[in-house]
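Peer 1: These protein sequence lines are chains U and S, in that order. For what it's worth, my numbering labels the leading residue of the first sequence as 1, then goes sequentially. For what it's worth, my numbering labels the leading residue of the second sequence as 1, then goes sequentially.
It is possible that some hints are incorrect.
Claimed, not checked - Capping the alpha-carbon separation at 25 Å, the derived lysine to aspartate or glutamate pairs in DMTMM-like fashion look like this:
id	chain 1	residue 1	chain 2	residue 2
1	U	Lys759	S	Asp357
2	U	Lys759	S	Asp217
3	S	Lys713	U	Asp781
4	S	Lys785	U	Glu626
5	S	Lys788	S	Asp474
6	U	Lys636	S	Asp233
7	S	Lys480	U	Glu386
8	U	Lys793	S	Glu585
9	S	Lys268	S	Asp144
10	U	Lys391	U	Asp375
11	S	Lys583	U	Asp792
12	S	Lys785	U	Glu658
13	S	Lys793	U	Asp781
It should be emphasised that the hints constitute simulated quantities derived from the structure, not laboratory data. Just so we're clear, the structure is a prediction, and the values are computed from it rather than from any experiment.
Protein chains: 2
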Amino acid sequence: MESKKYVYLFHEGNATMKNLLGGKGANLAEMTNLGIPVPQGFTVTTEACTKYYEDGKKISEGIIQQINQALSELESITQKQFGSADNPLLVSVRSGARVSMPGMMDTILNLGLNDTTVETVARLTNNPRFAYDSYRRFIQMFSDVVMGIEKRKFEDELDKAKEDKGVKFDTDLDANDLKSLVGKFKSIYKNELGKDFPEDPKEQLIEAVTAVFRSWDNPRANVYRRLNDIPGDWGTAVNVQSMVFGNMGNTSGTGVAFTRDPATGENKIFGEYLINAQGEDVVAGIRTPQPISKLEQDMPDCYREFIEIANKLESHYRDMQDMEFTIEQGKLYFLQTRNGKRTAQAALKIAVDLVQDGVLTKEEAILKVDPKQLDTLLHPAFDVAELKKAKVIAKGLPASPGAACGKVYFTADDAKVNHEKGEKVVLVRLETSPEDIEGMIAAEGILTVRGGMTSHAAVVARGMGTCCVAGCGDLNVNEKERTFEIEGKVYREGDYISIDGSTGNVYGEAIKTTTPEISGYFGIFMGWADEIRKLKVRTNADTPRDAEQAIKYGAEGIGLCRTEHMFFNEDRIPAVREMIVAKTEEQRRKALAKLLPMQREDFVGIYEAMEERPVTIRFLDPPLHEFLPSEDEDIKDLAQEMGIGFDELKATVLSLHEFNPMMGHRGCRLSVSYPEIAEMQTRAVIEAALDVRKRKGYNIEPEIMIPLVGEVKELKYVKNIVVQVADEIISKSGTNLKYHVGTMIEIPRAALTADEIAKEAEFFSFGTNDLTQMTFGFSRDDAAKFLKDYYDKKIYEFDPFQKLDQIGVGKLVKMSAELGRTTRPDIKLGICGEHGGDPSSVEFCHSVGLNYVSCSPFRVPLARLAAAQAQVKNPR
Amino acid sequence: MESKKYVYLFHEGNATMKNLLGGKGANLAEMTNLGIPVPQGFTVTTEACTKYYEDGKKISEGIIQQINQALSELESITQKQFGSADNPLLVSVRSGARVSMPGMMDTILNLGLNDTTVETVARLTNNPRFAYDSYRRFIQMFSDVVMGIEKRKFEDELDKAKEDKGVKFDTDLDANDLKSLVGKFKSIYKNELGKDFPEDPKEQLIEAVTAVFRSWDNPRANVYRRLNDIPGDWGTAVNVQSMVFGNMGNTSGTGVAFTRDPATGENKIFGEYLINAQGEDVVAGIRTPQPISKLEQDMPDCYREFIEIANKLESHYRDMQDMEFTIEQGKLYFLQTRNGKRTAQAALKIAVDLVQDGVLTKEEAILKVDPKQLDTLLHPAFDVAELKKAKVIAKGLPASPGAACGKVYFTADDAKVNHEKGEKVVLVRLETSPEDIEGMIAAEGILTVRGGMTSHAAVVARGMGTCCVAGCGDLNVNEKERTFEIEGKVYREGDYISIDGSTGNVYGEAIKTTTPEISGYFGIFMGWADEIRKLKVRTNADTPRDAEQAIKYGAEGIGLCRTEHMFFNEDRIPAVREMIVAKTEEQRRKALAKLLPMQREDFVGIYEAMEERPVTIRFLDPPLHEFLPSEDEDIKDLAQEMGIGFDELKATVLSLHEFNPMMGHRGCRLSVSYPEIAEMQTRAVIEAALDVRKRKGYNIEPEIMIPLVGEVKELKYVKNIVVQVADEIISKSGTNLKYHVGTMIEIPRAALTADEIAKEAEFFSFGTNDLTQMTFGFSRDDAAKFLKDYYDKKIYEFDPFQKLDQIGVGKLVKMSAELGRTTRPDIKLGICGEHGGDPSSVEFCHSVGLNYVSCSPFRVPLARLAAAQAQVKNPR
């Protein structure tokens with residue numbers, strides 16, 4: 001016997017039990033306890049799912065017993081019985097993970113129907129057509145979703161029935177037609193599986209629960225989890241809920257609604273509903289729904305009750321709610337509520353409004369916006385001038401804001417492949433399904449023919465911040481031919497279109513996109529984030545232009561200025577190459593002398609842009625062969641250009657060849673071999689600072705960062721060069737200038753010996769890109785090939801180059817922060833890898849007590865918010 | 001004022017103060033306290049040397065005062081005064097580090113001579129010629145060694161003096177000639193330095209002490225330290241000792257002697273002396289010395305006293321002594337004693353004799369032999385007489401010890417073919433690759449132009465015990481013409497050369513080699529080592545031949561059997577390549593099926609060789625592109641051979657290209673992508689074990705090792721495949737077979753998460769080659785280029801690929817051993833990197849509690865001894 005409780009009736013749970021009951025289950029329990037009309041039921045816990053996998057994909061007998069026990073209790077609550085000829089219990093079965101997660105099995109309705117109960121339902125509702133329609137839908141759904149039989153087989157049979165009868169719509173089929181269809185559906189089932197369709201509702205139920213557990217592990221769910229950092233071992237709960245029917249005539253209906261507008265954040269109820277329909281009809285986008293306001297006219301009492309409950313839910317959860325409801329013969333039921341997904345604009349407005357209304361504190365409000373969403377605020381809009389001249393060829397629903405322009409592709413695969421080739425792509429689909437997820441990620445924008453604001457395409461696109469126009473029925477899509485046609489004009493695969501997810505407009509041409517203005521809510525909200533956070537946010541910027549951009553986004557300094565990007569400039573690279581082919585120190589110094597004024601000018605520009613904000617300048621990092629061509633033909637050209645022999649240059653190229661360039665002669669190793677490089681760079685850094693201070697009066701304290709250090713003596717050697725050159729220049733200038741010398745921690749050995757390193761380093765900046773490569777032992781360029789297998793086989797659940805691996809790499813970061821502080825308690829600690837712009841990594845940086853994160857300009861707002869959230873969750 | 005004591009009179013020290021006084025100083029103090037006649041003096045400590053460098057290469061005033069104070073005490077002990085016209089004190093100044101260390105300044109004699117004291121010495125000894133000869137020698141030595149004036153300048157002057165007088169020998173010059181030479185020498189000094197030769201003995205002394213300190217840092221000393229693992233911060237002491245004169249006529253003399261024969265270990269006094277000579281004359285080899293036995297006839301009293309003291313010293317130090325002595329007008333003085341250097345043969349015999357005589361315990365005796373010395377016992381050496389006549393034509397790195405002589409061949413195939421014809425072959429390559437393996441096996445010796453001590457050639461050669469000289473850049477190899485050229489001389493295919501893998505010397509001729517006898521002493525001594533040590537010693541062996549060799553040398557199991565070496569065999573590689581170009585799993589399985597019987601046969605051979613000793617088999621490790629050619633021409637040939645298109649094969653080669661192969665698709669990552677590889681290898685391992693057990697009755701427990709693991713789920717994934725296949729085979733066999741699955745710890749992340757990894761791994765084997773690469777962030781192939789700069793600049797003092805970096809890499813090893821044991825207290829821990837054959841690394845492995853080290857067969861005795869020494873020094 002199982003002693004652990006794996007099944008909870010709704011009244012046994014509450015909203016705090018999300019981890020165990022899933023979001024949906026916990027909220028159903030909470031609503032039950034709030035006295036809101038909810039069709040009763042029970043939840044099989046996420047732990048049961050985990051156990052299912054631990055037990056080798058089997059539901060244990062103990063859990064089955066607990067389900068049966070809950071079922072009898074449900075029967076006594078509802079006064080209905082499974083399989084009863086008098087008063088049969090029908091249920092829906094839905095998955096429900098901790099966080100809402102498309103990709104898994106969604107819903108099975110009307111479970112409990114069989115040849116006996118269908119007759120009873122027909123009799124009780126006095127509506128045999130409804131009973132048999134529900135039955136045939138249930139068989140199809142069960143066969144497809146639970147048993148994996150192709151949907152098409154059933155649809156073909158349905159089409160045939162209509163054809164035979166000479167009618168066009170499903171609604172033209174009567175009860176007898178549907179009854180005979182049920183027989184045919186059962187034959188398909190038996191043909192496919194070699195056994196009869198299960199008449200026993202308990203058997204149906206266990207199979208359905210198992211199917212939900214199984215769907216947790218399907219490829220689409222895995223892809224979604226990886227993209228959204230959801231651990232694979234969370235598992236999903238299963239909600240078994242007694243059925244109510246929105247399709248019992250014109251006093252019935254079903255709908256979804258938000259307490260505020262999810263696109264703009266405006267504080268008014270927003271939603272859609274369908275009369276005489278079951279829940280899936282709204283989402284599937286088969287019929288076009290009515291706005292929720294229409295309900296007030298159709299059923300004023302229901303509407304009033306609905307609004308009352310909606311307000312109650314928003315106050316209770318203190319957040320905008322996304323609700324599903326059904327009206328069964330005039331009686332209102334809530335099937336689900338959850339915090340609603342919203343656009344970044346809406347998220348900011350709602351958060352600010354809730355604070356200003358005294359509902360939330362600033363700290364609570366800060367947690368209401370997903371940092372990743374801010375990205376969408378910085379996404380492109382159409383160029384206004386071009387837009388004016390452009391012609392709208394069709395109009396759909398403005399499902400996810402933003403503007404997109406690209407070539408049309410009709411399948412997710414084509415979108416993905418052509419995106420990988422570097423094309424900008426707009427994905428056009430009749431409707432999207434979870435299988436399309438990778439194509440949707442690849443696309444600049446998504447355009448669908450069917451479906452509403454809450455269709456799959458709309459929900460997913462908003463989540464990703466990708467522009468989407470949904471339900472654009474004007475389009476005649478021919479998926480086979482890969483064309484669509486609007487008013488006689490045919491658009492083919494590869495043609496340019498533009499779509500506007502904020503208006504629903506579709507344009508038959510390319511329109512330039514630009515970055516939008518940021519609203520006042522953004523400023524207020526981010527101001528709160530800045531008040532709260534302890535972690536500073538710097539930017540990675542190599543040019544004055546990037547630096548200015550980043551300051552606009554709130555950067556407080558430069559955490560990483562890569563000097564090699566300057567070296568690649570067209571006007572510098574000849575001198576760089578001259579330096580590389582130099583045979584003597586003297587020749588090398590001559591070439592470096594040419595670079596000095598240019599490099600100094602670079603730094604002058606950056607200091608001027610940053611004013612008095614701190615600037616960390618990293619010395620030359622890449623291996624020298626990166627500055628030379630590798631193909632004979634290019635070597636020949638360059639040799640001629642440089643006025644040296646081909647053989648000589650070829651010999652240099654060969655001598656610089658490395659087996660593993662990532663682990664080669666680069667970083668501070670270059671300055672150990674050629675101290676004159678560090679001398680030149682020091683000179684440029686210090687002279688530029690003196691110059692800008694003199695001319696502008698800025699108090700500049702340059703931070704010089706020595707890369708790729710693995711041993712304190714190595715740092716000391718290069719630091720000595722820096723200090724000697726810098727002090728000489730400063731002393732000659734007759735003034736004073738403070739400067740700092742620190743290092744990247746990007747080699748595991750540096751992390752392991754950080755106490756030693758800190759003796760020489762005034763600051764550490766964690767170079768988590770390289771540190772991740774070395775700690776995992778794979779190079780980013782090469783790993784792409786096999787990481788796919790790792791995701792498929794669930795060895796890795798996320799890309800460690802995007803999200804900091806806290807167990808391995810993070811352990812090194814934590815260790816070095818601690819070791820560094822034992823030697824130098826006031827050592828300044830930052831991070832300048834890609835991870836500086838990833839929310840969970842920012843949270844980690846906060847928790848180990850770093851002073852700042854540094855990320856690309858575009859990600860600065862995200863990092864500011866993530867830092868504030870980290871402080872709220874874990875004050876320091 | 002210095003409060004610290006930097007200067008010790010001899011009677012203030014003793015033998016335990018080696019770190020402070022240096023070896024020489026400590027022994028002079030000890031002899032003084034034993035009442036042995038030692039010319040008195042004082043020692044300036046190693047700490048004074050360290051302070052000299054800390055103070056920016058300056059001797060502090062405080063230390064100078066202490067020297068002057070010691071000097072006055074010495075004057076009162078000897079009743080002589082510095083610079084006195086009546087009774088002048090003369091001293092020698094010698095360096096003396098903790099361990100004997102060539103490369104530094106050695107000796108300055110007769111310091112204290114000046115124009116005044118030389119006359120006094122002439123008068124007191126009644127020997128003006130001796131006085132002026134000493135004076136001119138002193139000026140020359142001081143000018144050369146202390147002030148850095150070229151020796152040649154003085155020698156030219158001496159030659160001129162002899163020429164002018166028309167004589168041939170120095171001894172033909174009389175006192176007046178030498179006096180005038182003194183004048184000329186002083187002029188040279190003044191010309192070179194622009195100041196007079198210092199007449200003040202105190203000034204002479206301080207300059208000489210400074211010169212000794214300075215010489216600690218000269219390039220020769222640095223190279224020696226690096227080769228011998230001597231830390232740069234030890235510093236050297238300086239011994240100032242009053243002079244005695246062996247050149248005061250026929251009742252004077254000087255000599256060196258050993259208490260036992262340093263070549264054979266025979267227990268009889270062994271030495272040489274010269275009548276009427278100063279110390280350096282014996283060593284310099286200008287006059288031929290007499291055997292020490294001759295002293296018994298010349299000066300029987302002195303001889304008796306000498307023997308008495310020699311015996312006393314050996315008993316006191318309980319080791320063979322190397323002594324210097326001087327007889328001044330019939331009075332015997334000991335100038336130095338130390339434990340004598342000896343051959344490996346002698347070391348073993350002396351150690352065993354001393355135990356059998358009850359002088360030493362076995363534990364003490366174990367410490368008397370340097371493990372590295374054992375190497376020379378296991379490899380062929382050149383015939384001594386022939387070697388003397390041979391000319392070194394080039395010098396490379398001493399990559400694998402031993403001597404080899406044979407005909408030059410430039411390809412592995414030629415080497416193999418001609419070896420099969422019965423020729424002795426030396427394989428000369430730019431660098432070797434895994435495809436050369438058969439040629440390498442066939443060769444007596446391997447000579448490469450590129451690559452360092454850890455290049456492919458070096459690693460494989462050491463593994464096979466084959467002599468190898470690597471990185472011999474002097475060779476201009478023309479592979480097409482099959483010649484190489486050195487300094488204008490061309491050597492062709494088929495010419496004889498000889499190479500010495502212990503020195504790196506290359507000879508352009510045939511030199512006879514001899515195989516050393518291994519004496520009974522070896523067996524007795526190693527038996528004691530085995531009794532004492534706690535650490536097991538296994539071997540890295542891929543073939544039955546290697547396994548048998550290793551067992552002879554005392555290996556207790558195989559710690560690393562690399563399966564890829566089998567894959568490169570001529571009869572396997574076609575199937576391996578077929579597997580690689582396979583487009584489907586089915587094709588891949590077909591190719592693997594061809595490999596299975598061969599791989600099984602490999603393991604059968606190894607199990608039979610190892611009988612019941614444990615065998616750890618590592619699954620396929622290298623990236624697949626290593627099995628394919630990279631040049632178009634070779635691809636064309638192979639495509640034809642395989643019956644596929646060039647384009648197809650070329651595409652495969654390109655698709656397998658990696659930017660950083662070291663961090664690419666290799667190790668367990670291969671089995672994650674292609675589980676069928678692990679399946680085949682498991683099948684071969686288990687079926688072979690069942691077969692051998694059945695036929696031979698051996699109780700075999702195979703250990704399967706999954707390489708390159710960085711994450712426990714990765715290990716679990718591959719382990720599941722192994723366990724499934726293995727259990728199925730075992731269960732089908734109807735018997736039982738225990739087997740173990742473990743992993744390499746060679747990725748930093750594996751070390752950092754070893755507690756997790758240990759949940760799945762029954763054993764860890766530290767792959768310290770890769771772990772060193774990843775931890776330092778440099779690949780050993782590429783690092784060779786810049787590590788030279790690191791040694792020159794004293795950033796690294798040793799090669800971390802040869803000697804385990806205990807601070808960084810060692811920290812990871814220690815951490816994972818501890819983490820591993822928290823999860824699995826009885827986890828078996830070993831090391832299988834190159835470091836398993838390095839004594840200091842073996843000591844480290846002992847100290848962190850590993851169960852075994854594994855090294856190449858030829859290093860097994862070394863590891864056994866090093867393990868025993870570790871246990872004696874640090875019992876566990």
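Peer 1: Hints broken by the structure, by number, lowest first?
Peer 2: Hints 1, 6, 7, 9, 10 and 13 are the ones this structure does not satisfy, whereas the remaining hints hold.
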